[in-house]
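The numbers in this note's numbering rise by one with no breaks, and the one at position 323 of the sequence shown is 319.
Hint data in this document are derived by calculation from the structure and do not stem from the laboratory. Do not rely on the hints blindly, as some may be mistaken.
The list that follows gives simulated cross-link-like pairs (lysine to any residue, SDA-like), each with its CA atoms no further than 25 Å apart [claimed, not checked]:
hint: 1; residue 1: Lys50; residue 2: Leu107
hint: 2; residue 1: Lys161; residue 2: Gly183
hint: 3; residue 1: Lys161; residue 2: Glu252
hint: 4; residue 1: Lys49; residue 2: Met(-3)
hint: 5; residue 1: Lys10; residue 2: Gln174
hint: 6; residue 1: Lys78; residue 2: Pro319
hint: 7; residue 1: Lys217; residue 2: Leu266
hint: 8; residue 1: Lys78; residue 2: Arg92
hint: 9; residue 1: Lys161; residue 2: Tyr94
hint: 10; residue 1: Lys50; residue 2: Glu330
hint: 11; residue 1: Lys161; residue 2: Gly305
hint: 12; residue 1: Lys10; residue 2: Lys49
hint: 13; residue 1: Lys78; residue 2: Lys161
hint: 14; residue 1: Lys50; residue 2: Ile22
hint: 15; residue 1: Lys204; residue 2: Pro364
hint: 16; residue 1: Lys199; residue 2: Pro319
hint: 17; residue 1: Lys78; residue 2: Asp20
hint: 18; residue 1: Lys334; residue 2: Val26
hint: 19; residue 1: Lys10; residue 2: Tyr94
hint: 20; residue 1: Lys161; residue 2: Ile285
hint: 21; residue 1: Lys204; residue 2: Gln174
hint: 22; residue 1: Lys217; residue 2: Ala233
hint: 23; residue 1: Lys49; residue 2: Ser143
hint: 24; residue 1: Lys199; residue 2: Phe179
hint: 25; residue 1: Lys10; residue 2: Gly72
hint: 26; residue 1: Lys334; residue 2: Glu252
hint: 27; residue 1: Lys49; residue 2: Gly72
hint: 28; residue 1: Lys161; residue 2: Trp253
hint: 29; residue 1: Lys217; residue 2: Tyr245
hint: 30; residue 1: Lys10; residue 2: Ile285
hint: 31; residue 1: Lys78; residue 2: Ser143
hint: 32; residue 1: Lys49; residue 2: Tyr70
hint: 33; residue 1: Lys217; residue 2: Glu237
Computed beta-carbon distance windows for the label pairs [to be verified]:
hint: 34; residue 1: Ala241; residue 2: Arg79; range: 24 to 30 Å
hint: 35; residue 1: Glu0; residue 2: Phe28; range: 31 to 37 Å
hint: 36; residue 1: Phe28; residue 2: Met216; range: 23 to 29 Å
hint: 37; residue 1: Phe28; residue 2: Ile249; range: 42 to 48 Å
hint: 38; residue 1: Gly210; residue 2: Gly183; range: 54 to 60 Å
hint: 39; residue 1: Gly286; residue 2: Thr77; range: 46 to 52 Å
hint: 40; residue 1: Ser152; residue 2: Asp113; range: 38 to 44 Å
We put the CB at the ideal spot given by N, CA and C, even for glycine.
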Amino acid sequence: MLVEQYDLTREQTKALCLPLFTEDYIPQPVEFASPPKWHIAHVTWFFEEMILKKYLDGYVEFDPQFCFLFNSYYAGVGERTKRFERGAITRPTVSRVYEYRDYVDASMRMLLASNPDQDIIDLVMLGIAHEEQHQELLLMDLKHTFSLNPTSPVYSSSRDLMEEKDADHGWVDINQGQYEIGFVGQGFHFDNELGRHTQHLAKSQISKALVTNGEYLEYMKNGGYDDFNFWLDEGWAWRQENNVACPLYWRQIDGEWWHYTLSGMRRIDLDAQLAHISFYEASAYANWIGCRLPTEFEWEVASTEFSWGNRWEWTSSAYQAYPGFEIREGAVGEYNGKFMINQMVLRGASVVTAASHSRASYRNFFHPHMQWQYSGIRLAR
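Throw the hints in and build the complete structure from the sequences for me.
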């Protein structure tokens, strides 16, 4: 039942926060990473703003200030706090935010018990998927914040999440021809997956394995970060301006490479899959090894032939609309469509992605310089 799925998702968010102390809920050292308290309030605000205020008769808003504090980017809803100031929201308290969650949950259960129509069901499913995305973001953001603490805090001794190894090796052959791309079938999907259409693909191959830490370390030892010939011009400027010389969270200690994980500092496992790589770095590595990154269409066609789900995989495709894409009316129309510029598509899923999001047509997207997502490299040629 939908109410059970709703409750399970809400409990999973709480479970992710169980290892946290009150102090962990607040900091925001960088603009792109939001504090845990903001995440758990924002996903609650989504249900209140997009569903309860419109569809539950007699619903009384929990706190009128929360819309300004916990709206993310929905301009159609109204003004909101600046993104880089989310860590300054020390009030309301963490306990007050949990009261907000309980209040909204009780109202959502009332709505779901009233035999809601399909429009409401669709919005609830979107809200559930939205919260699952923020569960992933919460762990990504928390890892980045903890990594800046010189004591290397341990979130959970069982949440290293950097130990995954390749199960398959070799190459998948793609024959030249016409292929259907995009979501088809039943079940939840995002609007950016729609617009199933035909793509012509040339003959190519895609690796069944992702690039490992050891393979990437060879690239580093051979001067990959110092040779502009492998880099896109914009990527080379980013590398120089930010003095990037290794993947995010890697640190060289007494001649050995370590990295920060949610289980604290760990030695690099050379056989494990590489993670926390920007598109610029992925592209440069592919050039160095004599390959390239796959297009998102090649990836989707080949995905039935390899294992995936440990790392988001950069593609060479810019994030843009499929043919026939239409932005929905109202605030929910801002969910995907307005971000279709200056970002690259990633395919697959990661170790912190909800299992229900692991489908061949799922399209993630990030700016090419971002590293804090669990992103890796799959090669094509």
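Hints, verified against the model:
1. For the hint linking Lys50 to Leu107, the alpha-carbon distance of about 11 Å falls within 25 Å, and the restraint holds.
2. At most 25 Å may separate the alpha-carbon atoms for a hinted pair to count; Lys161 and Gly183 exceed this at roughly 30 Å.
3. Pair hint Lys161 plus Glu252 holds up; C-alpha atoms about 20 Å apart against a cutoff of 25 Å.
4. Distance restraint check for Lys49 and Met(-3): the Cα-Cα separation of roughly 23 Å lies within the 25 Å cut-off, and the hinted pair is therefore satisfied.
5. The straight-line distance between the Cα atoms of Lys10 and Gln174 is roughly 46 Å, outside the 25 Å bound, and the hint therefore fails.
6. Under the criterion of a C-alpha separation no larger than 25 Å, the hint pairing Lys78 with Pro319 is inconsistent with the structure, at around 34 Å.
7. At roughly 14 Å between alpha-carbon atoms, Lys217 and Leu266 fall within 25 Å of each other, so this suggested pair holds.
8. Straight-line distance between C-alpha atoms of Lys78 and Arg92 comes to about 21 Å, which keeps the hinted pair within the 25 Å bound.
9. Taking the CA atoms of Lys161 and Tyr94, the gap is about 38 Å. The hint is violated against a cut of 25 Å.
10. Annotation: proposed proximity of Lys50 to Glu330 holds, straight-line Cα distance about 17 Å (limit 25 Å).
11. Restraint check for Lys161 and Gly305: the C-alpha separation of about 11 Å stays at or below 25 Å, so the hint holds.
12. Simply put, Lys10 and Lys49 have alpha-carbon atoms about 24 Å apart, close enough for the 25 Å limit, and the pair holds.
13. Distance hint between Lys78 and Lys161 is unfulfilled; the C-alpha atoms sit about 40 Å from each other, more than 25 Å.
14. For the hint pairing Lys50 with Ile22, the CA-to-CA distance comes to about 31 Å; that exceeds 25 Å, so the pair is violated.
15. Taking the CA atoms of Lys204 and Pro364, the gap is about 23 Å. The hint holds against a cut of 25 Å.
16. The hinted pair formed by Lys199 and Pro319 meets the criterion: a straight-line CA distance of about 24 Å does not exceed 25 Å.
17. Of the pairs offered as hints, the one joining Lys78 and Asp20 holds, with about 21 Å between alpha carbons and a cut-off of 25 Å not exceeded.
18. For the hint pairing Lys334 with Val26, the CA-to-CA distance comes to about 23 Å; that is within 25 Å, so the pair holds.
19. Between Lys10 and Tyr94, the direct Cα distance comes to roughly 9 Å. Compliance with the 25 Å bound is thereby established for this hinted pair.
20. Of the supplied pair hints, the one linking Lys161 and Ile285 holds, its CA atoms being roughly 20 Å apart against a limit of 25 Å.
21. In summary, the hint linking Lys204 to Gln174 is supported, as the alpha carbons are separated by about 22 Å, within the 25 Å threshold.
22. For the given pair, Lys217 sits about 21 Å from Ala233 by alpha-carbon distance, which is consistent with the 25 Å threshold.
23. For the suggested pair Lys49 and Ser143, the alpha carbons sit about 39 Å apart, so the restraint of at most 25 Å is broken.
24. Only pairs whose Cα atoms come within 25 Å are accepted, and Lys199 paired with Phe179 is accepted, the gap being roughly 23 Å.
25. With a C-alpha separation of about 29 Å, the suggested pair Lys10 and Gly72 falls outside the 25 Å cut-off, and the hint is violated.
26. Taking the CA atoms of Lys334 and Glu252, the gap is near 44 Å; set against the 25 Å cutoff, the hint is violated.
27. About 15 Å separates the Cα atoms of Lys49 and Gly72, which keeps this hinted pair within 25 Å; it holds.
28. For a cut-off of 25 Å, the pair hint linking Lys161 to Trp253 stands: about 18 Å separates their Cα positions.
29. At most 25 Å may separate the alpha-carbon atoms for a hinted pair to count; Lys217 and Tyr245 meet this at roughly 18 Å.
30. The straight-line distance between the Cα atoms of Lys10 and Ile285 is roughly 43 Å, outside the 25 Å bound, and the hint therefore fails.
31. Between Lys78 and Ser143 the CA atoms are separated by roughly 24 Å; this keeps the pair inside 25 Å, and the hint holds.
32. Using a Cα cut-off of 25 Å, the hinted pair Lys49 and Tyr70 holds, with the two alpha carbons roughly 16 Å apart.
33. Our distance criterion of 25 Å between C-alpha atoms is met by Lys217 and Glu237, whose separation comes to about 21 Å.
34. Distance hint check for Ala241 and Arg79: the Cβ-Cβ separation is about 28 Å, which falls inside the suggested range of 24 to 30 Å.
35. Restraint check, Glu0 to Phe28: a C-beta distance of roughly 34 Å satisfies the suggested window 31 to 37 Å.
36. A C-beta distance of roughly 25 Å is found between Phe28 and Met216, which places it inside the suggested range of 23 to 29 Å.
37. Range check, Phe28 to Ile249: Cβ separation about 27 Å, and the 42 to 48 Å hint is violated.
38. Between Gly210 and Gly183 the beta carbons are some 38 Å apart, a value that contradicts the proposed interval 54 to 60 Å.
39. Range check, Gly286 to Thr77: Cβ separation about 48 Å, and the 46 to 52 Å hint holds.
40. Checked against the hint of 38 to 44 Å, the C-beta distance between Ser152 and Asp113 comes to roughly 41 Å, which is consistent with it.
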